[in-house]
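Asks: Protein chains in written order, with my numbering: chain A, 2 to 291; chain B, 2 to 291; chain C, 2 to 291; chain D, 2 to 291.
There may be inaccurate statements among the hints.
Any copy will do: because identical chains look the same in the list, a pair fits if it lies in one copy or spans two.
Okay, derived cross-link-like pairs now, SDA-like style, lysine to any residue, Cα gap no bigger than 20 angstroms in a straight line [stated by the list, open to error]:
{"hint": "1", "residue 1": "Lys-54", "residue 2": "Pro-234"}
{"hint": "2", "residue 1": "Lys-246", "residue 2": "His-266"}
{"hint": "3", "residue 1": "Lys-246", "residue 2": "Arg-270"}
{"hint": "4", "residue 1": "Lys-163", "residue 2": "Val-67"}
{"hint": "5", "residue 1": "Lys-163", "residue 2": "Thr-127"}
{"hint": "6", "residue 1": "Lys-163", "residue 2": "Asp-45"}
{"hint": "7", "residue 1": "Lys-246", "residue 2": "Val-149"}
{"hint": "8", "residue 1": "Lys-246", "residue 2": "Leu-216"}
{"hint": "9", "residue 1": "Lys-197", "residue 2": "Thr-168"}
Rather than coming from a laboratory, the hints here were simulated on the basis of the structure. Owing to the predicted nature of the structure, the values given are computational and were not obtained by experimental measurement.
4 protein chains.
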Amino acid sequence: MSIVLGDNQYGKAETRVVRIDRDAEAHRVTDLNVSVALSGDMTDTHLTGANDKVLPTDTQKNTVYVFARDGVGEIEEFGLRLARHFVDSQPTVGRARVRIEQYPWTRLELEGAPAHHSFARSGEGTRTAVVTYDGRQAWVVSGITDLVVLNSTGSEFWGFLKDRYTTLQETRDRILATAVNATWRHEGAEDTDWGKSYATARRALLDAFAETYSLSLQQTLYAMGERVLRTCPEIVEVRLSLPNKHHFLVDLAPFGLDNPNEVFHAADRPYGLIEGSVLRDDAPPAGMAW
Amino acid sequence: MSIVLGDNQYGKAETRVVRIDRDAEAHRVTDLNVSVALSGDMTDTHLTGANDKVLPTDTQKNTVYVFARDGVGEIEEFGLRLARHFVDSQPTVGRARVRIEQYPWTRLELEGAPAHHSFARSGEGTRTAVVTYDGRQAWVVSGITDLVVLNSTGSEFWGFLKDRYTTLQETRDRILATAVNATWRHEGAEDTDWGKSYATARRALLDAFAETYSLSLQQTLYAMGERVLRTCPEIVEVRLSLPNKHHFLVDLAPFGLDNPNEVFHAADRPYGLIEGSVLRDDAPPAGMAW
Amino acid sequence: MSIVLGDNQYGKAETRVVRIDRDAEAHRVTDLNVSVALSGDMTDTHLTGANDKVLPTDTQKNTVYVFARDGVGEIEEFGLRLARHFVDSQPTVGRARVRIEQYPWTRLELEGAPAHHSFARSGEGTRTAVVTYDGRQAWVVSGITDLVVLNSTGSEFWGFLKDRYTTLQETRDRILATAVNATWRHEGAEDTDWGKSYATARRALLDAFAETYSLSLQQTLYAMGERVLRTCPEIVEVRLSLPNKHHFLVDLAPFGLDNPNEVFHAADRPYGLIEGSVLRDDAPPAGMAW
Amino acid sequence: MSIVLGDNQYGKAETRVVRIDRDAEAHRVTDLNVSVALSGDMTDTHLTGANDKVLPTDTQKNTVYVFARDGVGEIEEFGLRLARHFVDSQPTVGRARVRIEQYPWTRLELEGAPAHHSFARSGEGTRTAVVTYDGRQAWVVSGITDLVVLNSTGSEFWGFLKDRYTTLQETRDRILATAVNATWRHEGAEDTDWGKSYATARRALLDAFAETYSLSLQQTLYAMGERVLRTCPEIVEVRLSLPNKHHFLVDLAPFGLDNPNEVFHAADRPYGLIEGSVLRDDAPPAGMAW
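Let the sequences and hints guide you as you build the complete structure.
Replies: Here is the structure:
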């Protein structure tokens, strides 16, 4: 028996870069959190500490800033540029994975018109992208996280399995609330209109959440994934992770009061967690996408 | 020398109550975090553990839920109802302080129209209220927190004091970003239109932030407070706590590149923290407001 | 009516400085989070943006690092040095307040002996100090935070006030758990042995928590404050903020099981919050201590 | 082209259960965060909302509490009991995954001896276990997280790759700090002495961190994994995720001072992230372990 090095990667995580585009009178803000992970021929540094094949994580950080100097564009494009650079410029780097989060800012109003230079951080969800490149192929996974939504009715939960530990009452009307965490992969990634694709997928997620009369959060999850696939032909698989943010009806009977679905306790923990993938039956294998 | 009990208070903190108003076809969501603190004749429980003057914090939580059954209305009103109840119904409670945070939800769109039952948590800042009542008088402090804003230009910082430890370069164009934390108190609290007052104050804060050409964050702070006072005659004092969320221009010279105010590093810590009060010169003393 | 500037202060918050003392074979780690707040003649910068009386927060950060070069010592001493420096060296600064948090590190073991250069962050609570200096007098408040403790028995809660909203059952045996947040002030601050005082006060808090048979968390709070005062003659007032971290006995009756105080649900929110001061009856006024 | 359901699972996440063992005079505290994820024949609930194959997450939570009534033991055992129960009792559940975090508590001292009923939450890292069971086989992954360690010397970084974006200076003496996140899998999981194995692996991680003269964090990572494998014959693979918590030497030259590795700035973001696996060359495939 001997001991060996297995899979490994390293990189600079959470470089916070903000770019201001100032070429038009109305500035644009691009606010990113960029994490790089490289893998390749890294045995030496693990076994002997010889670093001649190690591109420092500090250099990776610098590279993110330098590349932002030329403009960011859509985060998928920025990720592709970075990932290709690391692999193509360094023989010892066999694979690069770049994860980007983009925080949304909306333009403030100024005297009734959109302000040119003033912005507020908005809550419409954080856009994400993970790009993986191995020297031959690129995989792009786009997504959204921290999108908190709630239906105040139109959700039931009944007819479920009961065993000796089941005490939950069936309900024909409950609050359904979740924080959407969705990712999706594209076919033929390179020539996608990423901005349009993101906007369409985001809209599809919200529409399906609002329009689905729900008998289970799983049903809503599937409807959301299906809607994305139906409205975005370039997307071949959607993965969703949906916490069931419980809102418990408060029992007011001890105080002589009814509670016709009006007063709820919003619980922190525990919560349900529903995870699933929805995909085209002709989707190619996910490969290194996730 | 002997040892005595000083100021004290107790209560239930962070009761998370969500109310759905279902009387109209379009539901309304009120999402609150309510903290109660009571003080009064509490010496016994501290010295001997005799609890006959202690209204349990669990009861306080129940009371929040029960009162929400009758509707919440504006959070200042809800706080006043609760604070008055605790003091007026319990002889041993001399003062009640109720702090409420209200999380904003916006209506989703459904087929081009505002949805009736579907909502997204938005990022436009958390509305706050702190109500204090002592059996005779009520103090109401309204506010907003977690309102993150950024000006991409229109901010300078120069001409400052320099001592032997000063290395900061002067700048004629920087990013100014902060997370607004503002509170304000009202004169003649009881008959205020709280909803309108909040909307007007919030608007004033944003307008002043966007419109002020800033030579220091202090100047912006004062302008924001002043604007609130000028647009809201019922408000007599504004207190602001503004972190200076530094965006440092990245030095790209080592890479042979300039950086004309385009690429920034958004730092976490340390940060500047600018705090100040702006008030009418005829404002009555703050008393127990804060 | 005109509008005026009220109380204000500004400074650099959360400068994270780590000092390694390397003079002995066994290194020592001092890990601090330092926040400075200055106030004084700051009207100009608020009203016109003229900054000639403003010492930049960046300079304050530099000063923290420079002063750490000469050694830190006890955090109260470090705070006093910094606060005095800002007030005494800058005519426009009338008052300085320095808040310091010190994170505890314990020495790892190496071959059965304490390691010289290797440490683990420990969980024994964060030491704190707030020093205020106005050019004539200094106030020092020491403290501890994030010290999470639990008694698995020896706690009752009964005999409390009941109103129409009370449903809580009395209990003769419950878990009592809290995260101690304590601060205390000293008489004749300057010549205190701060390290010994902190260790003694911390020990007193833990001893009183463990030894007090508790009929209410208020009783425990008072016992903790009293113990500090009795064991530390240099301390004249203790303020405690104790969340009641509820552990609810799980009802296993639906499953045909009893639950003899063995299985609990640890709740996040809401929680009780018990706050109080314990002081000597001859304590001087707190002044600007807190 | 049609749309299909892919991999999916659901369950109750983060059930916070605390068990007090009271059979001996000295109580014992077991403080857990338990997350269950079930998968199996769940197509109906996704496609039609028919829930007759869905065991509610509320039931899963109840089951955790009920099983804790019989005692918890080592968390790997508790996870195995729970995972087997869900799969073996429900025909529609094909696989159960149970993740458990155990928070450490240490006994307070009381009059010089270990207290029987009083505890403090300690900072020695959170113990973890993930158990997966598919009806035939069980996979157990144990681990530790939140173990923050620092070497004040004995770490170099030089000889690394340099490209046009490299500005990092080589160093022969730096601080090396990380928050250990380690997981490991066992061969022949069932008859392991889990408590002893955990203690031995934890000790090995700390020893290797302290004893390794480090030329890169990768070298330290490998040494830590290797040490675990050498001291724990039952463990066949270790995976480590080590953030490089940068401590930057502060440049004091502008103030006429040197800085002989004494004063550092502890940065939040970005940070390096070093991830790797160390395994026996005869280790069986990981299967569903992770």
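Asks: When no copy is named, should Lys-197 and Thr-168 be tagged within, between, both, or neither for a Cα gap of at most 20 angstroms?
Replies: neither (46 angstroms within a copy, 38 angstroms between copies)
Asks: Have a look at Lys-163 and Asp-45 and pick one of within, between, both or neither, based on CA distance no larger than 20 angstroms.
Replies: between (56 angstroms within a copy, 17 angstroms between copies)
Asks: Within, between, both or neither: how does the pair Lys-246, Leu-216 come out at a Cα-Cα threshold of 20 angstroms?
Replies: within (16 angstroms within a copy, 35 angstroms between copies)
Asks: For the identical chains here, do Lys-246 and His-266 meet the 20 angstroms Cα criterion within one copy, between copies, both, or neither?
Replies: Both: 11 angstroms inside a chain and 18 angstroms across chains, each within 20 angstroms.
Asks: Could you place Lys-163 and Val-67 in one of the four classes (within, between, both, neither) given a Cα distance threshold of 20 angstroms?
Replies: Between copies only: 15 angstroms across chains, 59 angstroms inside a chain, cut-off 20 angstroms.
Asks: What label fits Lys-54 with Pro-234 when the C-alpha limit is 20 angstroms: within, between, both, or neither?
Replies: Neither way: Lys-54 and Pro-234 sit 41 angstroms apart in one copy and 32 angstroms across, limit 20 angstroms.
Asks: Given identical chains, is Lys-246 near Val-149, meaning Cα to Cα at most 20 angstroms, within a copy, between copies, both, or neither?
Replies: Within one copy, since 10 angstroms is at most 20 angstroms while 25 angstroms is not.
Asks: Indicate which option fits the pair Lys-246, Arg-270 if close means a Cα-Cα distance not exceeding 20 angstroms: within, between, both or neither.
Replies: Both. Shortest intra-copy (9 angstroms) and inter-copy (14 angstroms) distances satisfy the 20 angstroms Cα cut-off.
Asks: How would you classify Lys-163 and Thr-127 at a CA-CA limit of 20 angstroms: within, between, both, or neither?
Replies: Neither: 38 angstroms inside a copy, 34 angstroms across copies.
Violated hints, listed in ascending order, are 1, 5 and 9; each of the other numbered hints is respected by the structure.
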